[in-house]
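Asks: Per our numbering, the sequence shown starts with residue 229, numbered consecutively.
Mixed in with the good hints, there may be bad ones.
[As the list claims (entries may be wrong)] Result set (BS3-like, lysine-lysine): computed pairs, CA atoms no more than 30 Å apart in a straight line: (1) K467 <-> K302; (2) K280 <-> K397; (3) K305 <-> K505.
[Said to hold, decoys possible] Here are the in silico distance ranges between beta carbons for each label pair: (4) H319 <-> K397: 42 to 48 Å; (5) S587 <-> P271: 24 to 30 Å; (6) K316 <-> S587: 50 to 56 Å; (7) A558 <-> E252: 22 to 28 Å; (8) T399 <-> S587: 19 to 25 Å; (9) K316 <-> A461: 20 to 26 Å.
FYI, nobody ran anything at the bench for these hints, they're computed from the structure. Glycine residues also receive a C-beta, built at the ideal position from the N, C-alpha and C atoms.
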Amino acid sequence: MSISMILGIIVIVCTIYCLAKRYESRLVLFSAGIILSCIALNPMAALIGFSKAMSNAKVIEPIVASMGFAYVMKYTKCDRHLVHFLAKYLHSFGYLIIPGAVLITAFINISITSSSGCSAAVGAILIPLLMRMGVHPAMAASAVFLGTFGSPLVNPGYHQVVIASEVSKHTPMEFVTYSALPVLVVSIVVAVILCIIAVMKKEHKGYIADVDDTKADFKVDLLKAIVPIVPIAILLLAKTGYLPGMAKLEISHAMIIGTIIAFIVTRKESTPKDICKDFFAGMGEGFGHVYGIVTCSLVFVAGMNAIGLVKALITAMSAHHAIAKIAGTAGPFILATICGSGDAAAISFNTAVTVHAASFGLDPLHLGAAVAAAGGLGRTMSPIAGACIICSGYANVNPIELAKRNAIPTIVGAVIFVFMSLYMM
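Sequences and hints are given; from them, build the entire structure.
Replies: Here's what the structure looks like:
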């Protein structure tokens, strides 16, 4: 092994450590990419990687448009109406209130793709509601946190979907179609396992809550509750031929249509100026934060390419196909658990390795889906994930308590998703 390779591995270990310590992920990944390129005596490699990332409009467009729509949903409060609409029927679930809460959160997470944003919107309503219904605070928070495990993989505008479909040479809709069944199965499995844990720990009933009840009389507007799912519905109908003349509809187009519908539905409480401002503010956040992580991950990958680490990894995987399946799923899962973010792990692996999956006997689409899911599930048992901290704050419990309760469901869920995507489909 060359000196540059040894130094490169040391840098990568330090990168993982810094991510685990919750240093700014974009700074860590970008800096690591620059350092790796300098070690390889090719500092331009990282900069060229940055330029390539910046020129990829095909990936940037759906990501920033989806985030713009998410900001509009927050401004118009349509997301709150959807949450309250679903929570309204939670009382009738009986013993199934905990898996019901998981599935409700997962459903909303399809539209509100940010795990932290979804937890903030859903947790503020569902966690106090579950506690009023007798669920232990830690279990109530765990249910909402677990619901963010990765259901956005069926949203064609979700950045992980866009990246994975790009590297696997498929369209986002093809990726969504492929991922739908594993996501559905894992959703049910993790929800049921958490329910079993709650019953075993006797945390599903009996808790006497002392929580604010002011949101209990929230009046749901059904039209507003429907708006968050409009873009996804439009995309599905257009791509399946049920909307004549709209076969060329792009993800960003659906988000713009959804934004216009949001204004029409909320025209008495909102103004065109404010909706426009929030849409573009969301686009800016989508570019600066979400695509910023993508860009810095690509700079990091360029650095690994420069020192020859990616080539060595591909060679090892080509010789031993089992290594690819293990490294491609366990690696992102473990790293996401350690650093609290599924993005850094999954995006880096997908952009560096999944693109070469065919050379070591795997379909890039299958591996890309498994990697994205593993990253999301690993993050959902991390006590330092943003969504975990938000949910634990609503319930006033230690984030470690949520991680402990979600550990078994997420590990089992990851095994099932990987098995289905790499061996069954």
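Asks: Does each hint fit the structure? Answer for all of them.
Replies: Each hint tested on the structure:
1. For the suggested pair K467 and K302, the alpha carbons sit about 27 Å apart, so the restraint of at most 30 Å is met.
2. With a CA separation close to 17 Å, the supplied pair K280 and K397 stays within the 30 Å bound.
3. At roughly 15 Å between alpha-carbon atoms, K305 and K505 fall within 30 Å of each other, so this suggested pair holds.
4. At about 47 Å, the beta-carbon gap between H319 and K397 stays in the expected band of 42 to 48 Å.
5. Distance hint check: the CB atoms of S587 and P271 are about 28 Å apart, consistent with the given range 24 to 30 Å.
6. The supplied range of 50 to 56 Å is met by K316 and S587, whose beta-carbon atoms lie about 51 Å from each other.
7. Checked against the hint of 22 to 28 Å, the C-beta distance between A558 and E252 comes to roughly 26 Å, which is consistent with it.
8. In this structure the supplied range 19 to 25 Å holds for T399 paired with S587, their Cβ-Cβ distance being about 22 Å.
9. Remark: the range hint 20 to 26 Å for K316 to A461 is upheld by a beta-carbon distance near 21 Å.
Every hint from the earlier list agrees with this structure, and none is contradicted.
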